[in-house]
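Take a look at the letters that make up each chain.
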Amino acid sequence: MRKITKAMEMVATSKMRKAQDRMRTARPYSRKIRNITGHLADANPEYSHPFMLKRQYPQRVGLIVITTDKGLCGAMNTNILRAVTHSMRDFEAAGIGSEVVAIGARGLAFMNRIGARVVAQTAQLGDTPHLEKMLGPIKVLLDAYLAGDTDAIYLCYTRFVNSMSQEAVIEQLLPLAPDKMRADRGTHSWDYLYEPDAQVVIDELLVRYVEALIYQAVAENIASEHSARRMAMKAASDNAGSVIDDLKLVYNKTRQAAITKELSEIVSGAAAV
Amino acid sequence: MTDTAIIHVSVVSAEEEIFDGDAEFVALPGESGELGIYPMHTPLITRIRPGAVRIKVPGQLEEELVFVAGGILEVQPDEVTVLAETAIRGHDLDEASANEARRHAEEAMRNRMGDKGTYSNVYAEAVRRGSHVLTVDVDSDERRLRAEDILRRHGAVDIDERSAQWVRQGWSGHDPQATGTGGTVRAFRRRVKKDNPPD
Numbered sequence: 000m001r002k003i004t005k006a007m008e009m010v011a012t013s014k015m016r017k018a019q020d021r022m023r024t025a026r027p028y029s030r031k032i033r034n035i036t037g038h039l040a041d042a043n044p045e046y047s048h049p050f051m052l053k054r055q056y057p058q059r060v061g062l063i064v065i066t067t068d069k070g071l072c073g074a075m076n077t078n079i080l081r082a083v084t085h086s087m088r089d090f091e092a093a094g095i096g097s098e099v100v101a102i103g104a105r106g107l108a109f110m111n112r113i114g115a116r117v118v119a120q121t122a123q124l125g126d127t128p129h130l131e132k133m134l135g136p137i138k139v140l141l142d143a144y145l146a147g148d149t150d151a152i153y154l155c156y157t158r159f160v161n162s163m164s165q166e167a168v169i170e171q172l173l174p175l176a177p178d179k180m181r182a183d184r185g186t187h188s189w190d191y192l193y194e195p196d197a198q199v200v201i202d203e204l205l206v207r208y209v210e211a212l213i214y215q216a217v218a219e220n221i222a223s224e225h226s227a228r229r230m231a232m233k234a235a236s237d238n239a240g241s242v243i244d245d246l247k248l249v250y251n252k253t254r255q256a257a258i259t260k261e262l263s264e265i266v267s268g269a270a271a272v
Numbered sequence: 000m001t002d003t004a005i006i007h008v009s010v011v012s013a014e015e016e017i018f019d020g021d022a023e024f025v026a027l028p029g030e031s032g033e034l035g036i037y038p039m040h041t042p043l044i045t046r047i048r049p050g051a052v053r054i055k056v057p058g059q060l061e062e063e064l065v066f067v068a069g070g071i072l073e074v075q076p077d078e079v080t081v082l083a084e085t086a087i088r089g090h091d092l093d094e095a096s097a098n099e100a101r102r103h104a105e106e107a108m109r110n111r112m113g114d115k116g117t118y119s120n121v122y123a124e125a126v127r128r129g130s131h132v133l134t135v136d137v138d139s140d141e142r143r144l145r146a147e148d149i150l151r152r153h154g155a156v157d158i159d160e161r162s163a164q165w166v167r168q169g170w171s172g173h174d175p176q177a178t179g180t181g182g183t184v185r186a187f188r189r190r191v192k193k194d195n196p197p198d
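One line per chain: the protein sequences are A and B, in this order.
If you read the first sequence in numbering that gives the first Met the number 0, its first letter stands for residue 0, the second for the next number, and so on.
If you read the second sequence in numbering that gives the first Met the number 0, its first letter stands for residue 0, the second for the next number, and so on.
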């Protein structure tokens, strides 16, 4: 048993490192879009986009719930699902309905069990997630947002803090926070030439930005998964060690008791003689 | 040595960096024709079609070819960025994707057990049929596995398997008025302390 958990621990470590790399390579894309839209906003201050506008009286929210497909990763899924359930209860108490996009088999099974409204789902993304597989479900939610059927969208996933620590988080995805859409460096005086026109370009950029943020959360969740699994396997491995020690102790005590019993029988027998 | 003007070219997708380096010239498949970008080009943002991005790297005779499935091009005086798609997109393709996702989800909701939703109806039906229902709340996968193992060893039947059997035999939902061999549902909970293992 210990060999299996040890092997799983080693596999999880290597998968964790690869997942961390994937997390890193995903970042430049969203950073570049943020910079471009930052410049665009400076040059076109009068233009606003539905993705950036805050809704006065929200009635429905969408929750993108990201979990793993497989288990044996400690309390990782339990933690994020608990946080999501609390949020859903809070929304309900405020008269706000919620619907779920489930990414990952564990969360999907949970949401189905509790009777949540699951409007789109995807699972079996594997260790190398492909944005392509997520586009359908993402569009379902973005269409609902643009049509006014959903007033805010939250991203619920497990943040990779470091190789020993993961954190369940719920972050607002839409509406986008205007101050987070700033360019890294200062403004410049020129404006772009837009083809075909500014509105079409900004629209496409913002949709891709939202897609990129969701992809990053999925990539990060995978890194958290492998790190959590590594820790769980290590704990199981250590536990197996202590169970083996306990069993040895019990065996020795039992053996000793049997010897003592035999001796005392012989001794009492001898006394009788 | 003559100083050739260069621009920095970066091709990235949401998943990864595809190309990052200097260039004397970049050619891209623009929406309305081939675009050629030299250093000090007017700032521009436009879409590009699926095709090859040709990059003339300084000191190299052959052009670097990067194939992209379309995307968005940003040109600054000394920097060119291609935000590449990971797959071919299009209004109709995206729409079809979303419709399939919606259909899939609606079908999944319809297939859910009992009163199109929660387990409470499945539990009630199990009691009506004369079973005891035991649920165990755990806070980690390790404990869940232990619990499942213990239950299985003592002959418990998974309620998902049992209710699937009912559905195959024609069950369509719990009827609170129906009589059965079991009693009425009584709920009680036992809290198992963490330092008090059930075994």
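Take these hints with a grain of salt, some might be off.
Cβ pair distances, simulated, as ranges [to be verified]: (1) B:P76 with A:I113: 21 to 31 Å; (2) B:G154 with A:K17: 34 to 44 Å; (3) B:E99 with A:S13: 48 to 58 Å; (4) A:R112 with B:A26: 15 to 25 Å; (5) A:D142 with B:T134: 29 to 39 Å; (6) A:H85 with B:A107: 40 to 50 Å; (7) B:R111 with A:D142: 39 to 49 Å; (8) B:R128 with A:A234: 37 to 47 Å; (9) B:V156 with A:K260: 20 to 30 Å; (10) B:H103 with A:R112: 43 to 53 Å; (11) B:L64 with A:G240: 50 to 60 Å.
Derived from the structure by calculation, the hints contain no laboratory data.
For every residue, glycine included, the Cβ atom is placed at its ideal position computed from N, Cα and C.
Going through the hints against the structure:
| no. | hint | result |
| --- | --- | --- |
| 1 | B:P76 with A:I113: 21 to 31 Å | 55 Å, violated |
| 2 | B:G154 with A:K17: 34 to 44 Å | 43 Å, holds |
| 3 | B:E99 with A:S13: 48 to 58 Å | 35 Å, violated |
| 4 | A:R112 with B:A26: 15 to 25 Å | 55 Å, violated |
| 5 | A:D142 with B:T134: 29 to 39 Å | 38 Å, holds |
| 6 | A:H85 with B:A107: 40 to 50 Å | 24 Å, violated |
| 7 | B:R111 with A:D142: 39 to 49 Å | 24 Å, violated |
| 8 | B:R128 with A:A234: 37 to 47 Å | 40 Å, holds |
| 9 | B:V156 with A:K260: 20 to 30 Å | 43 Å, violated |
| 10 | B:H103 with A:R112: 43 to 53 Å | 18 Å, violated |
| 11 | B:L64 with A:G240: 50 to 60 Å | 55 Å, holds |
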